[in-house]
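Student: Each chain, written out:
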Amino acid sequence: MNKENIIDNEEQKAIELLKTITKGKGKPLDEWELTALLETNGMRDIDAVTEWNEPNLFTLPKRLMQYIDKLTYEVKEHKFETYRVRRILKNYIKGAIFAFPMFIQILAMIVVGFGIWSSIDFTLREATAIAMGTLLALATTGGIAQMIGRKGLFYIKFEEYMLAAKITKRLYITGIIFILFWGLIFSLINFYFNLFPFYMYQLFIIYFILLSFLFLIFSIFYMLEQYGTIAWMTFLGIVLVYIFLFFYGIGLVKAQAYSLIIIITISIILSFYQMRRLEKKSQAEGTLLPHAASLFYTLYPYFLYGTLYFLFLIMDRALAWTTGKKYLPYVVWFNYPYEVGVDWALIPLISTIALIEVFIYELGYFAFKKVNEISAPEVKKFNNYFLRVYTIAAITFFVVGIVSIFGAFLFPYAIKDVEFFFKFVDVFFNDINIFVFFFAAVGYVLLSWSLLNCVIFFAYSRHSFALKAIGWGLIVNFLIGFVFSRAFDYYYSVIGLTSGSIVFAVISTFYAYKFFKNYDYYYYSAY
Amino acid sequence: MSEKLNVVLTTEGTYPYYRGGVSTWADILIKRLDDIDFRILAIMMHPYITINFELAPNVKELINVPLWGTEEPTEYISGLTFSEIFSRKLKTHDNTIKEVTEIIRNITLAIYSKNPDIPPIGLYLLRLYEIFQEYDYRTVFRSRYMWDTFYETTLDYYKEREEKPTVYDIVESLRWIYRFFISLLSPVKEADIYHSSAAAFCGLPCIIAKLKKGSKFLLTEHGIYVREQYLFASREKMQPRTKEFFQGLIRLISKLNYYYADQVSPVCAHNKRWEIKFGTPESKIQVIYNGIDTEHYRRMNVERPDRPTVVMVARVDHLKDIETYIRTCNAVRKKIPNVLFKIFGPVVEKDYYEKCLKLVSELNLNNNFIFEGLSYTPEIAYNEGDVVVLTSISEAFPFAVLEAMACEKVVISSDVGGTREVLEGHGFIIKPRDFEAFAEKIIYVLEHPAEAAEIGVEARQRVLAGFRIEDMIKNYRETYFRLSGMA
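Taken in order, these protein sequences are the chains called E and Z. Sequential numbering from 22 applies to the first sequence in the numbering used here. Sequential numbering from 75 applies to the second sequence in the numbering used here.
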């Protein structure tokens with residue numbers, strides 16, 4: 022055999038060996054790796070001696086390394102939904118379902134004249150007490166709901182279903198204690214300052230407790246991403262109120278209270294059943310939660326954010342209803358045109374909030390793709406790419422926002438001829454609520470945009486950006502709303518909402534811009 | 075310090091949370107050395123696991139150190155109050171960030187270096203430990219300064235090289251440092267001995283204790299950590315530059331362990347090869363073999379098939395090379411048609427199991443081959459066989475061989491790991507994957523029962539002469555007392 026043949030044979034033998042030991046593996050990088058691979062393929066020092074004329078298995082890889090580039094190796098594959106339109110549509114629908122319960126409530130108001138906790142037939146006294154109960158229920162449960170969402174999802178992401186269920190139950194119980202605590206405080210305040218007469222107090226406390234329980238239990242469905250269940254429960258609630266009212270002829274308050282009790286009970290059973298299922302499918306064995314101090318430290322930003330968010334949402338109403346320029350028999354006095362105006366403006370909020378789901382998914386999708394593709398020296402390219410993605414998101418958001426504001430505005434006009442079905446559509450045609458609608462709609466679209474920014478900040482563990490933005494927004498919401506409602510008229514408090522949303526949007530966009538400009542850093546430090 | 079010997083046993087992904095060889099070893103060690111006080115420092119990949127062993131009364135504390143699965147690295151460090159966590163964060167300023175970043179920069183250079191200077195790295199780790207007893211770990215690692223410096227350091231390293239890392243490579247690398255060095259955070263307690271069960275991150279607290287408190291550092295290696303992690307990276311098909319960093323990190327950690335350990339004790343002489351290659355002086359290496367309970371594993375009369383029976387006790391995974399076992403069955407059947415091959419062990423690789431089932435079917439071995447599944451009474455399983463086989467292509471020092479020998483069985487094993495050290499002259503050693511050689515020896519043993527019985531008796535004597543739990547315990551007791559100066 023001549024020298025060339027010997028070399029060819031050696032090459033072939035080496036390549037064959039490499040092929041065997043790297044099957045199903047990535048490309049070996051050094052000789053240690055080859056030695057490890059040789060050993061786990063049953064090769065011994067003696068084989069290196071007899072088959073390769075090498076002193077041992079640690080010297081053989083030097084020979085193999087020469088041929089390392091003659092083979093191709095497996096690389097890790099990542100599965101993605103590749104059809105962009107389908108992907109975007111899927112996520113938009115998911116986002117829309119998230120906001121769908123709000124839509125059901127609005128629709129119910131104009132079709133049957135009531136929702137699960139609202140009705141156009143309430144007296145102003147009733148409406149005032151119930152509205153207070155609703156707003157305070159939102160503010161009371163907002164923080165806990167955020168905590169459940171955060172920590173529950175955190176464990177689900179790690180497939181730690183048992184812990185997800187455990188922390189959710191624990192936070193749920195904490196939430197109940199929290200609700201009862203605030204219920205007691207509100208009762209004492211009312212008792213001490215005599216703010217509402219007993220009948221109104223009764224209504225207030227019933228709705229406060231029931232709605233707090235409802236929002237709290239719904240937060241578990243949000244955590245489990247079962248948005249459909251919430252929509253179904255909302256629908257069922259309305260149907261039950263209808264049945265109690267028209268088939269059993271009991272009063273509206275009782276009908277709503279019974280309906281709430283039933284859907285709360287069903288929701289508790291369903292959610293606890295879901296958690297039991299989670300525990301059962303648990304592959305994890307863990308039951309140990311972090312110690313309380315640490316748990317509190319990691320969750321307090323979510324609690325704070327949730328509370329600030331719902332305070333932001335209710336601030337303008339609270340200011341409007343406490344404006345004493347006209348008739349204010351109690352410290353708070355409900356006002357229909359204002360409520361209709363802000364509820365109407367929820368339609369643009371729903372349309373834009375669905376975009377959050379789309380953008381968050383797209384961001385994750387492209388982030389993972391690009392971070393793997395773009396070479397580190399070209400980091401600016403990486404950041405600029407995401408600045409562009411963010412800009413596109415902003416444009417899409419505002420186009421959808423503007424279209425949905427006008428769409429929502431025209432919506433009552435479009436359906437007003439179908440009066441046999443939308444019997445209560447007339448509630449929209451009033452100068453005050455049109456005024457309120459426009460300011461609130463602009464405010465809500467900006468709020469929705471700000472929420473998107475905050476979802477990004479939270480996803481990347483930059484809580485302070487979100488808290489600063491919403492904190493300043495809330496302050497402006499309060500100050501402008503207070504000054505305008507007191508200087509002009511009660512419904513000018515909506516300008517506070519709009520101004521607060523502008524500040525919230527500007528500050529959060531400022532942080533988001535900074536974020537994407539340095540996306541490599543924030544991507545790294547997302548833990 | 076009390077008169078009792080104090081040992082901190084550090085584990086990684088094993089005792090007391092996962093079952094397996096290392097955990098069984100640790101459990102026996104602690105329970106049998108009941109005159110010694112133990113603390114267990116368990117490095118876990120994440121905190122979501124429950125204890126799988128009942129802790130003995132001489133275990134004074136269990137310190138959990140989860141690396142992943144936490145939002146705050148301090149989440150599971152007991153005794154930290156909210157105000158402490160908060161005040162650590164508040165007082166973490168630029169100077170601390172700069173000092174830590176400089177240390178991480180030097181460690182990164184050592185990771186990329188082929189021959190890093192180990193002693194300074196140990197001192198860097200000690201400094202990191204000291205800093206993070208006072209300042210906030212997460213704040214420092216999430217700082218912009220840390221990220222920029224790490225980025226520049228990495229790019230600098232690749233400046234002259236054609237292949238460049240991706241953004242992901244750098245992100246992942248710094249995140250690894252962040253996660254793995256959480257093992258430095260737990261306060262190091264006074265103890266005579268810090269005993270690490272692997273040359274891994276669980277060795278870092280031992281290094282700190284040695285440098286800070288003067289404790290002695292004993293390192294037991296069941297497998298070879300660096301080798302196992304290399305294989306993990308290979309299996310995971312990591313991106314090349316990510317893998318380069320990961321492998322460098324693992325090499326550095328192993329070298330640190332070998333350098334600072336006062337004694338390195340592999341479970342078989344075979345593993346010394348890697349330890350020496352990674353810079354361990356041979357004089358520091360002292361093999362301590364694992365031992366088995368020879369009262370539990372002994373010859374027994376059990377209900378068994380009325381036909382020649384071959385047994386293997388092993389998990390169904392590719393490293394056990396069950397395919398060779400099946401092919402061996404096929405070869406033996408040609409000579410002994412009624413032979414029965416049994417395998418006792420759980421399926422850990424489902425795809426591989428399917429492949430094995432297919433092979434059994436293709437070779438028409440359905441009447442000769444049985445997958446018995448996991449056996450909770452392996453001593454009975456061994457006794458069912460006329461001969462016990464192990465076809466593994468990779469092992470350290472397999473318990474299965476010792477246990478079968480103690481049951482007076484003729485063992486025919488592949489020549490892997492330290493098997494030869496116990497089996498040579500008391501059973502048969504075969505080249506891995508050589509099913510014909512396996513078959514030949516099995517046929518021989520089955521056809522010569524008297525000789526087989528003699529070999530079996532000798533095999534048990536061999537185990538009794540140094541591979542009992544008592545021997546292992548004696549060796550560790552002597553080592554502990556010698557290292558601590560209390561001998």
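Just so you know, these hints were derived from the structure itself, not from any lab. Wrong hints could be hidden among the right ones.
As the list claims (entries may be wrong) - In silico DSS-like pairs for lysine-lysine, Cα to Cα no more than 27 Å straight-line: (1) Lys-172(Z) with Lys-46(E); (2) Lys-351(Z) with Lys-46(E); (3) Lys-548(Z) with Lys-402(E); (4) Lys-172(Z) with Lys-48(E); (5) Lys-83(E) with Lys-351(Z); (6) Lys-238(Z) with Lys-44(E); (7) Lys-311(Z) with Lys-44(E); (8) Lys-238(Z) with Lys-48(E); (9) Lys-329(Z) with Lys-40(E); (10) Lys-311(Z) with Lys-100(E); (11) Lys-391(E) with Lys-329(Z); (12) Lys-302(E) with Lys-105(Z); (13) Lys-172(Z) with Lys-233(Z); (14) Lys-172(Z) with Lys-351(Z); (15) Lys-538(E) with Lys-233(Z).
Student: When the hints from earlier in the document are held up against this structure, which numbers fail?
Tutor: 1, 3, 4, 9, 11, 12 and 14
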